[in-house]
Amino acid sequence: MNSAAISAQPIASPHAHGGNSVTRTMFRVQMALVPATFYGFWLFGWPSFFLWLLTILSCLGFEALSLKMMGVTRIKATLFDGSALLTGWLLAMALPPWAPWWVAVVGGFIAIVIGKQVFGGVGQNVFNPAMVARVALLVSFPVPLTMWVSPLPLTPLAAPDFIDGLRIFLTSLPQPDAMASASLLGYTKTELSRGIDLFHSLAGDHAPVLSWIGARSGSFGESASLLILAGGLYLIGVGIISWHTPAAVLAGIAIPAAISHSVDPAHYLSVSAHLLSGAAILGAFFIATDYVTSPNTTSGQIVFGLGIGLLTWIIRTWGGYPEGMAFAVLLMNALTPVIDRFIKPRILGRDRKGKPLDIPEGKGA
Amino acid sequence: MGFMNLFKHFLGDDWGVHPDDHKRPAADQPVRVMPVPAKLYLPLQQHLGGAARPSVLVGQKVKKGEMIAEAQGMVSAPLHAPTSGTITAVTEITAPHPSGLTLPAIILEADGADEWIELHGCDDPFALDPAEIGKRVADAGVVGLGGAAFPSAVKLIGASRAKVTTLVMNGGECEPYLSCDDRLMRDAAAGIVDGIRIMLHATGAKVALVGIEDNKPEAIVAMQAAASGFDAVQIRPVPARYPMGSEKQLIQVLTGIEVPADGRPADIGVIVHNVGTALALRTAVREGKPLISRLLTVNGNCASQPGNIEVRVGTLAEEVIAFAGGLKGDGLGLARRVMGGPMMGMQIPHWRVPVVKGTSGILAFDTVEVAEQEPNPCIRCGSCVKACPMGLLPLEMSSRIRNEAYGEAIDLGLKDCIACGCCAYVCPSKIPLVQYFVHAKGELAAQDRAKLRTDATKKLALQRQERLEREAREKAEANAKRKAEREAAAAAKAAAQAESVG
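Protein chains in written order, with the numbering used here: chain E, 689 to 1053; chain L, -2 to 499.
Next comes chain E alone, as it looks inside the complex (with noise of 0.2 Å):
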């Protein structure tokens, strides 16, 4: 039976609704994002705003083209339900916020072709789209996805104006090597591989800073981690997310970190370090919270944090990328349809196996 038969019969019950939408949704999870984007504009200037616009522009470009080729009819409706641009608004807080033009192009494709459509659109992909972008982009071009700028406020180089911005964002010129800096991550793996070890890496000249208020180098997404915090327990605070995936995500970074680093802290990093580092914050708030590639119940949530908690904590630390949460979001979205499979609700007047409550000997209360 399809759908439209289905939706032949009389008009079922309720009556009424409750009003909430997939674009109020979307719109309150963008507005979550405007303090740490505002203030990623203010830190690393014009470059990255057209970045930023550029792969929101590109998303929505491609959803279009997409929804057009599979002959959709809804597509003005489909396309400003927010999705594809939250899509790409999450991807341009995870790049590299001087990254060149074309990273924002290919990310949008693949975000959106291969991330979502070739699934079946909206509510069919089994992976988080921006991460898949994310990953794709590391992996395939590792040089300019790992060129970090310092924050422009605070170095003594004039920001560049508009003009200069859209050159550095059109002619993907090396940056200067000044401006160009490591992520924490990057540096204390690169350090550690050398043989140098935690305390003696962290206190260079050249270490990079941690800093709650984004005073560092990165993507916008782990550069205003405050500000990611704020937006993310917004979104708890209005009932967009649950606090279930965010907890676990950060205990299952926090917890082994916090153990390691107390047992050896010349090689492992410290919880603080691992928190504020690799969008961390970004990730359990926004893009391990992402409806359609989480399990949807909260036991359910509980496990799909903390495995991507632990993942992204293995990966950084044995791993061969500095950074981890993107692969251990893809890794857990995989496994999402069996968390969901094994952790179900109970339903009332049944046990966890589905079998019908036992009649009590004493009845009654």
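Please note that the accuracy of each hint is not assured.
[What the hints assert, rightly or not] In silico DSS-like pairs for lysine-lysine, Cα to Cα no more than 30 Å straight-line:
no., chain 1, residue 1, chain 2, residue 2
1, L, K448, E, K1043
2, L, K438, E, K1041
3, L, K438, L, K412
4, L, K438, L, K36
5, L, K60, L, K36
6, L, K427, E, K764
7, L, K412, E, K1043
8, E, K1041, L, K412
9, L, K427, E, K756
10, E, K1043, L, K438
11, L, K448, E, K1041
12, L, K438, L, K455
13, L, K132, L, K203
14, L, K160, L, K132
15, L, K36, L, K58
16, L, K455, L, K472
17, E, K1043, L, K160
18, L, K160, L, K412
Calculated from the structure, these hints are not laboratory results.
Given chain E, put chain L in place with the hints provided.
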């Protein structure tokens, strides 16, 4: 309580939804009593179970309260004349159902005298035998007035057999827009408490827990005052949350016990009745008056004077609305007509549909309230999972049903679905989830019927085949026997000839 709820909400243990209740100002208006209309339309099926069988003839004169159709079968209820007058027809009328299909009904033309038959009340119901109370309730045609309209006597008699200990009284009225139970509890608290005490006597239950949602403070105060002095009747305010008035949910909140799936409340020593039913039962037992009228709420943005109206059963919704003050702008902005509440009520095709015993509301919604929208694809947000009071996975069930995998939908708990509508209410994609579930349940019932039919046909075909085979076998055996006999005879003949030759 408030803090605990907040904490539970934080933990994610928060079933149900919190719709705008839209109960006021209708709930605060005094009850209006509607005069008897010229004609009453009385469907024979006003309750769960078997339809009543007409016991009057066309042209017969009846008095108010006279039985006009008798109960038929174990679970059924009789029907009484809501006023005195003449039976003009036993025919088909539009049923209170979205399909607009017809239903057999008795049509009664009022004579204006509104004259009662001789009534046999009882001054001391507590002296009556519980079985006698059950009989009187059954004879009065009392059914559950909360909406499901289950014959009350069947529950009472079943309860006294099942040794029920707790009577749960449903004063939750969790459906938005409706306020008839609220109004009854404010205006007739003493009668309701008396009815509850009669129910306790009839069932043998030790205690009655009256659950009233905390958005009805006046009703709580009135009921507490009426119940003071009766220790067995306890008024229990419960948080306003839909579907608090659902049997299994209310029992769990008030007693802490879960009704086992596939079981009935009586299995755990509980029965549930509506507060309105308690009042109707009291009237039936004390005054001997059958159930012929009820209080209902007229509400919705299109209703010009929302409020509660006492209406004779059988009155057309059209006339109720006209009495209530009509529709705003002559119904220009009307988007949907609903009988019952907005969450579980039925859409009706037009207003020429009669009020039945279970009709708790007549709602006239405008486009803002209905807000019909095209469904979008599911984004797996899980809102429906959080809202479901039964702990089901509506999004998974609906995707299975879309693919006609009804068996998988059953494994996911389709049969535990109470069709409360919470999932569809919260769905941001506006997916008509309840419609999917109702559709699947209907499809499964049809499949079951088809299976019974094919099984029967298969059995017949098999029997026929067996019979044909047996006949063929018998024929073959007979032929073989005859052939053998013939051959034996021929051989004997040949032998005899050979002998004679030799």
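Okay, the hints, checked on the actual structure:
1. L:K448 with E:K1043: Status holds; Cα separation ~26 Å.
2. L:K438 with E:K1041: The given pair, whose Cα atoms are some 23 Å apart, holds under the 30 Å limit.
3. L:K438 with L:K412: The hint holds at about 8 Å.
4. L:K438 with L:K36: violated (37 Å)
5. L:K60 with L:K36: holds (14 Å)
6. L:K427 with E:K764: Cα-Cα ~18 Å, so holds.
7. L:K412 with E:K1043: This hinted pair holds, its Cα atoms lying about 13 Å apart.
8. E:K1041 with L:K412: Measuring from Cα to Cα gives roughly 16 Å; hence the hint holds.
9. L:K427 with E:K756: Given pair K427 (chain L), K756 (chain E) holds - Cα atoms ~23 Å apart, limit 30 Å.
10. E:K1043 with L:K438: holds (20 Å)
11. L:K448 with E:K1041: holds (28 Å)
12. L:K438 with L:K455: holds (25 Å)
13. L:K132 with L:K203: Holds - the C-alpha atoms of K203 (chain L) and K132 (chain L) are around 21 Å apart, at most 30 Å.
14. L:K160 with L:K132: holds (18 Å)
15. L:K36 with L:K58: holds (14 Å)
16. L:K455 with L:K472: holds (25 Å)
17. E:K1043 with L:K160: holds (25 Å)
18. L:K160 with L:K412: Holds, because 27 Å separates the two Cα atoms, which is no more than 30 Å.
Hint check: a violation occurs at hint 4 only; the rest are consistent with the structure.
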